[in-house]
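We have chain A; now place chain B onto it with these hints.
There are 2 protein chains.
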Amino acid sequence: MKEKIIIVGAGLCGTLLAVRMAQRGFEVVLYEKRADMRDKLLDSGRSINLALSARGLKALGIAGLKETVLDECIPMKGRMIHPLGSDAFLSPYSGRADDYINSVSRPGLNIFLLEEADKFDNVTVSFESKVVDVNLQTAEINFLKNGQTHTDKGSVVIGTDGVGSAVRRSMMSKTPQLLFNYSQDFLRHGYKELSILPGENASWKIHKEALHIWPRGHFMIIALPNLDGSFTLTMFHPYEGEVGFNNLNDEKNLRACFEKYYPSLLPYIPHYINEYAENPVGNLGTIKCYPWQAFGKALIMGDASHAIVPFYGQGMNSSLEDVRIFDELLDKHGTDWTTLFEAFQDSRKANTDAIADLAIDNFYEMRDHVDDQNFIRKRKIEMQLEQKFPDYYSKYSLVTFKPALPYEQAMIQGRAQDQLLLKMCSRDDFDQIPLEDYLKELMKLSGS
Amino acid sequence: MKEKIIIVGAGLCGTLLAVRMAQRGFEVVLYEKRADMRDKLLDSGRSINLALSARGLKALGIAGLKETVLDECIPMKGRMIHPLGSDAFLSPYSGRADDYINSVSRPGLNIFLLEEADKFDNVTVSFESKVVDVNLQTAEINFLKNGQTHTDKGSVVIGTDGVGSAVRRSMMSKTPQLLFNYSQDFLRHGYKELSILPGENASWKIHKEALHIWPRGHFMIIALPNLDGSFTLTMFHPYEGEVGFNNLNDEKNLRACFEKYYPSLLPYIPHYINEYAENPVGNLGTIKCYPWQAFGKALIMGDASHAIVPFYGQGMNSSLEDVRIFDELLDKHGTDWTTLFEAFQDSRKANTDAIADLAIDNFYEMRDHVDDQNFIRKRKIEMQLEQKFPDYYSKYSLVTFKPALPYEQAMIQGRAQDQLLLKMCSRDDFDQIPLEDYLKELMKLSGS
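First to last, the protein sequences are chains A and B. Under my numbering, the first residue of the first sequence carries the number 1, and numbering increases by one thereafter. Under my numbering, the first residue of the second sequence carries the number 1, and numbering increases by one thereafter.
Chain A extracted, bound-state conformation (with noise of 0.2 Å):
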């Protein structure tokens, strides 16, 4: 008999586990609270995009899908920095022309996947069907639809639905018995969204294949490019002080505030006092928990497990990487689901903190330092040492294109490398170093 799986989200991480546990031959059934995106969503092209990695793609990969997404894509090579008052430049995010980032439609990408669910017998997609409850020890759930109380059971349960998720709800709810450890932390910043829109024949207005980003300080807005020739702008600030989104409510203040920080996106934003009236503002939290399975029967994977906040562009491919290293554990336990869980657990959990420590870090670096003169001279280092050696990897490149270092390990030894490179780089001398110097030292910190 097939195994019935029961997965809760139909989001980026469980339309592609649905996609691969169907490929498996399991029976899938996938429960999504909100309506089929593909009856509602008006404007795919255009709303939020994501940053897609080498992480993101090899997990794609597991199921065949990989250059399908990519071709819907544009590629970021490199972060084009707006510092105020003087010239745009461009910092290339590696040495090595391979490396590069992707500028994916969220909408889109999750419609691609819900469709090649379909093409599936043995997956059942319920929409506008919420679930409100899991029975941990039985692997049933309550689900509301069409206003009435459904349950259904499976083998196990999988949530992956998200920040607030109900089967992490539940595991809370039964904090006693699991030990249940939670925690949710915001930054007292928020993020909004504007847009530059197409120019013509969907021609695109500022440099295409770079992520922008106008570093102010202590907030900062950014742009990725989508398909259509239009931008996606988010504005990071704070909700308190002079540029806080409490006080730019005022059109006075938010006038202001844009003509005085950020006059040379002002061309290409014509509209942005309308749609700062109409976009709401989100918060930006990092959650954590565990366990993340219970008694062999639930599991919570992608954001359901480990929110983090979007400064590292690993949101998405964190949690599609779980799904691969899920399969890969597979392979190795079968379904016998308490040790699979348990590895999946085991495995997992440091390389998500350690993804989440280096988001909220790089929230710091992008807003304080990608035009501070120290990370610039190390900025430039390291891309010479990845064009010359093509074997180093600096702390980005790591976490960004080496999709088979677990996250922890990209951690340590970014960091470390960090370390070290900003170090020499407040030398006067630093570019009187011979880069085998540079490299001599990095290596001496890794043992490679």
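Source of the hints: derived by calculation from the structure; they are not laboratory data. One or more of the hints may lead you astray.
It does not matter which identical chain is meant; a pair holds if it fits inside one copy or across any two.
Using 25 Å as the maximum straight-line C-alpha spacing, the simulated DSS-like pairs for lysine-lysine come out as follows [to be verified]: (1) Lys208 with Lys380; (2) Lys4 with Lys145; (3) Lys192 with Lys174; (4) Lys288 with Lys174; (5) Lys260 with Lys4; (6) Lys174 with Lys130; (7) Lys349 with Lys288.
Below, chain B without anything else, positioned relative to chain A:
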């Protein structure tokens, strides 16, 4: 018009706050979900006891209650360590004769504070009243009493309702507006209470004026004396493994564990098998959150905002200290509630985080190091230092016997002292080093 303060939770923190706010002339209404302990409690003398020390006493002092409470306490001058296979020895808490901690009955103290509150016309206590929801913008509460929902409204609502705080839950439900940070973190150890019964004529069968510890590496039992001659024992054991609570459910395993690890205790606990079966296992968790106040209308204090593990004996003391600090800030800010509440959380958060972390540290210290050679050497030097230089305070003394020093400063200074002393005590000639040299090194740390 007198302002009305609604206090939710009539535990130690809530009742002391009620007394003090009544002394200041506020109208105080205190809601407690449980029944009146004075009606229901049969043997308050023998149930849980706590270590009351200088911070708690200082807080009781502001309400003029310190001396009366001390009369009902048993002084504990040090830790009586019971190593496995060798004789017990006393490790004093301080080199100063006046520095000791006090074993006090939790229900006894709570009842005393309730009686004090009852003396005020401007205090109303409503038992069996379970607060279910707080409107954080209006200071209105809904509570269940006799099966019906009632409401009340104050100038402000202060939640002193412990680990499972309903006021905190209301704040958590407003996470997006408040950016409410929260963490719950459980040790993989639990606790269970046992007892040593009184001797003849209410005498104490083991040394009365000490906190007893049977340290066994990764687990331990402790004992505190009660006024009636009994001792309350607390087992701190892991859930898993040979000595884990999950394994000890089997009576054979339980006997084997006690015979192997606690032979010197067995003569005093002939009834332990029955007691073990009757008493529940409790979890050991740390709760941190922020903010503690909402809209100048609601505030949480005590365990509701900072629950800690019991290994520094500071859970009750830190909660009572909250009342003292709140009272001092009320002198400064008056009933400008928003300013007062913000000042309170600003001043307390780092300090309660510090004692939470110190309590976790002490868990490992008590389990692993109280019979460790360098630790014993360090304690010996610390005692001599405190005897000879009354102005010198060990880390333990800074936390326990210096109530005017904020916890955070005690932690920073104490950790630095510990590190230095452990290093010096690892030298073979540690007892040849003149005490003055130890002091000189220590004084370099604090600049004191």
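Going through the hints against the structure:
no.: 1; hint: Lys208 with Lys380; in the structure: within (22 Å within a copy, 70 Å between copies)
no.: 2; hint: Lys4 with Lys145; in the structure: within (20 Å within a copy, 46 Å between copies)
no.: 3; hint: Lys192 with Lys174; in the structure: between (35 Å within a copy, 20 Å between copies)
no.: 4; hint: Lys288 with Lys174; in the structure: both (17 Å within a copy, 19 Å between copies)
no.: 5; hint: Lys260 with Lys4; in the structure: neither (58 Å within a copy, 47 Å between copies)
no.: 6; hint: Lys174 with Lys130; in the structure: both (20 Å within a copy, 21 Å between copies)
no.: 7; hint: Lys349 with Lys288; in the structure: both (9 Å within a copy, 21 Å between copies)
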